[in-house]
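2 protein chains.
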Amino acid sequence: MQNIYLQDYSIFLDDVWEEWNNFIQKGHYSKLVVLVDENTKTYCLPLLLKNSVHQNWQVIEIPSGEQHKTLSTCELIWAALMDADIDRKALMVNLGGGVIGDMGGFCASTYKRGIDFVQFPTTLLAQVDASIGGKLGIDFHKVKNSIGVFKNPKAVFIFTDFLQTLSARELRSGFAEIIKHSLIADTAEWERVKSISLLEKTDWMKFIYSSLLVKQRIVEFDPFEKGLRKALNFGHTVGHAVESYFLETNSPLLHGEAIAIGMIAETYLSHRQAELSTKQLQEVTSYLLQLYGGVPVPTHVYEDLLGLMAKDKKNEYQQINFSLIQPIGSVHVNKIADKQAIIESLNYYNQMVKAITD
Amino acid sequence: MQNIYLQDYSIFLDDVWEEWNNFIQKGHYSKLVVLVDENTKTYCLPLLLKNSVHQNWQVIEIPSGEQHKTLSTCELIWAALMDADIDRKALMVNLGGGVIGDMGGFCASTYKRGIDFVQFPTTLLAQVDASIGGKLGIDFHKVKNSIGVFKNPKAVFIFTDFLQTLSARELRSGFAEIIKHSLIADTAEWERVKSISLLEKTDWMKFIYSSLLVKQRIVEFDPFEKGLRKALNFGHTVGHAVESYFLETNSPLLHGEAIAIGMIAETYLSHRQAELSTKQLQEVTSYLLQLYGGVPVPTHVYEDLLGLMAKDKKNEYQQINFSLIQPIGSVHVNKIADKQAIIESLNYYNQMVKAITD
Chain A
715 MQNIYLQDYS IFLDDVWEEW NNFIQKGHYS KLVVLVDENT KTYCLPLLLK NSVHQNWQVI
775 EIPSGEQHKT LSTCELIWAA LMDADIDRKA LMVNLGGGVI GDMGGFCAST YKRGIDFVQF
835 PTTLLAQVDA SIGGKLGIDF HKVKNSIGVF KNPKAVFIFT DFLQTLSARE LRSGFAEIIK
895 HSLIADTAEW ERVKSISLLE KTDWMKFIYS SLLVKQRIVE FDPFEKGLRK ALNFGHTVGH
955 AVESYFLETN SPLLHGEAIA IGMIAETYLS HRQAELSTKQ LQEVTSYLLQ LYGGVPVPTH
1015 VYEDLLGLMA KDKKNEYQQI NFSLIQPIGS VHVNKIADKQ AIIESLNYYN QMVKAITD
Chain B
715 MQNIYLQDYS IFLDDVWEEW NNFIQKGHYS KLVVLVDENT KTYCLPLLLK NSVHQNWQVI
775 EIPSGEQHKT LSTCELIWAA LMDADIDRKA LMVNLGGGVI GDMGGFCAST YKRGIDFVQF
835 PTTLLAQVDA SIGGKLGIDF HKVKNSIGVF KNPKAVFIFT DFLQTLSARE LRSGFAEIIK
895 HSLIADTAEW ERVKSISLLE KTDWMKFIYS SLLVKQRIVE FDPFEKGLRK ALNFGHTVGH
955 AVESYFLETN SPLLHGEAIA IGMIAETYLS HRQAELSTKQ LQEVTSYLLQ LYGGVPVPTH
1015 VYEDLLGLMA KDKKNEYQQI NFSLIQPIGS VHVNKIADKQ AIIESLNYYN QMVKAITD
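First to last, the sequence lines map onto chains A and B. Each residue of the first sequence is one higher than the one before, counting from 715 in my numbering. Each residue of the second sequence is one higher than the one before, counting from 715 in my numbering.
A portion of the hints provided could be inaccurate.
Copies of one chain are not kept apart here, so a pair can be met inside one copy or by any two copies together.
Cut-off 20 Å, straight-line C-alpha distance, at most; resulting in silico cross-link-like pairs (EDC-like, lysine to aspartate or glutamate) [unchecked claim]:
id, residue 1, residue 2
1, Lys1049, Asp875
2, Lys755, Glu733
3, Lys1053, Glu1017
4, Lys865, Asp917
5, Lys908, Glu780
6, Lys940, Asp830
7, Lys865, Glu939
8, Lys868, Asp728
9, Lys865, Asp722
10, Lys868, Asp1072
11, Lys865, Asp830
FYI, nobody ran anything at the bench for these hints, they're computed from the structure. Since this is a predicted model, take the numbers as computed values, not measurements.
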């Protein structure tokens, strides 16, 4: 598989170890600090260590899960870096999913005003989503990614063998971003994507590659999210709010599961506000529902969800901002939907869920 | 007075209001968020508001002082931004000394992954030091500026009338950076600087301007502190450690007061390690001592100070790094001094203090 070369770093795919060892030898790093959680420590770290020529490692472990993507965990990471006397010539290696990548990248970018870091994404979600874009950060006051910076890693290494350590549920969560990339920018890919039913049997590399190309095209056009890049937000205005809400319950959703709900609601908005055809609305809804099942969104939390959406970073001048598709494969940014329309979209989602579960 | 044009922003000097109003009108900001402490709120904010055409202000107040340059204060600032629904089109206006500028800039750079900010430095120290260099951050685990980012403001406005609100002690603290800039890079300026004895009667604008030119020259050559920029660290390896130590006592020192101690110790090291002449050592020592008096550094804290110095960001490969002068007006970076030499330099400082106070 080809590598992907972006403006100031590269994404190495598949057979990554030779490139990785070249990278660290050229870097002359004083130390490699690897950030892991209890899962990647067990399932991924041994592989990384075995395949690396560098010997001077420092391991920092944090608890897994979005609920730990907080300032308190950053404090643990910064303190660990300081206690180990990590200097500015060190390299931080983020070995994990989106939480590790976003938070580890943020900590590296702010420790002593910034040390080098690389991403070793171990989940499908992180491989297709977090590899491009330079978005780093943490959740704050229940708002996702509300504190952070834009900064690119020195390199990304996508080793698909790590995907074998994932549960079916995690795989499905990551697949949501692949679906999104096809819906906003690649009709042919959507045709291939929607034919997938057995995720465990899928050869992911070619889907990851196509998906990264979509994201690359959009991000290079608009690195700081001033305009076009908001296209990537499809499904995320509603999805992030739903994710934040469920995070506080006893049955939190994975990111992609929340985004799948968001994509159904926002496909409805695409139909209502941007004239997406009924046929395409049904096509997207039914594929997402059969894959993600249907967790209802309780009516009594609609107001809270609207409040969370109002706090989304991408809003300007106090309006709630959406990226909508019309037709499948093309996207329109800076679409406004009012409260009534958003509530309708959530009702639509709940009705569809009811229809398949009754 | 001329303005100073840097790579991606400008510093406006003296008669700043017209430039300021042009700036905000061009920016089309959704809101101006001004960060103040109890002092600048009383003495500087009314002037800023009176002279601004923009009407949509949000004021955030934090307590003054280096002891509040912490992550907890950042949390207050981020929460205030979030509670006021500040969006990415807002401008943050940091109205205060170094703490406000460094911490406000850091919070702006990380809120929603970065909003625009400008600096209105109100102290002499901030006007000559924090206006150039893009260094933002906070203290963490007792190590100064150990968490932060490099990011330039959109503009800096230096209004010297604000200096009239300063105490003699604060003025003297800021003057230390002017002294430093002359010692490392401008012999002729050092001759002018050392003739100053009555700080209150000084016309600061020309000294600020010369001092900024020195800093500009160095920073533009090395924006991310990879090499030459460490020149600016003269006096700061020892000075920062001394400042951190006194911060925990009942009689904390102002930044410039600690840097004055650091400059005496490091001028001694310049003599010992880099062959600065005895005459120049005496010249620097006696000027700094007569101006800053002499607070002794207790012998029993030497070990703690060495520990703090070992944690300085600019160290690499676990050695303590100094920037030394030889002769006055030129500087040498990446000089190493061992523990024994550093202790000698502190002893030298204490002996000189004893000589003038006995």
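Hint check results:
In the homo-oligomer, the alpha carbons of lysine 1049 and aspartate 875 never lie at most 20 Å apart, since the shortest distance is 39 Å inside one protomer and 47 Å across protomers. Taking the shortest alpha-carbon separations for lysine 755 and glutamate 733, neither the intra-copy value of 22 Å nor the inter-copy value of 55 Å comes in at or below 20 Å. For a Cα distance limit of 20 Å, the shortest separation of lysine 1053 from glutamate 1017 inside one copy, 9 Å, qualifies, whereas the shortest one across copies, 62 Å, does not. When the C-alpha separation of lysine 865 and aspartate 917 is checked against a cutoff of 20 Å, the pair qualifies neither within a copy, at 30 Å, nor between copies, at 42 Å.
In this assembly of identical chains, lysine 908 and glutamate 780 lie within 20 Å of each other by CA distance neither inside one copy nor across copies; the values are 28 Å within and 57 Å between. With identical chains, the CA atoms of lysine 940 and aspartate 830 are at most 20 Å apart between copies only, with a shortest distance of 13 Å across copies and 26 Å within one. In this assembly of identical chains, lysine 865 and glutamate 939 lie within 20 Å of each other by CA distance both inside one copy and across copies; the values are 13 Å within and 18 Å between. Taking the shortest Cα distances, lysine 868 and aspartate 728 sit within 20 Å of each other inside one copy (18 Å), while across copies they are farther apart (42 Å).
Within a single copy, lysine 865 and aspartate 722 get their C-alpha atoms as close as 10 Å, and across copies as close as 18 Å, so both meet the 20 Å cut-off. Proximity of lysine 868 and aspartate 1072 under a CA criterion of 20 Å is satisfied in neither setting, with 50 Å inside one chain copy and 57 Å between copies. In this homomeric assembly, lysine 865 and aspartate 830 come within 20 Å of each other (Cα to Cα) both inside a single copy, at 10 Å, and across copies, at 16 Å.
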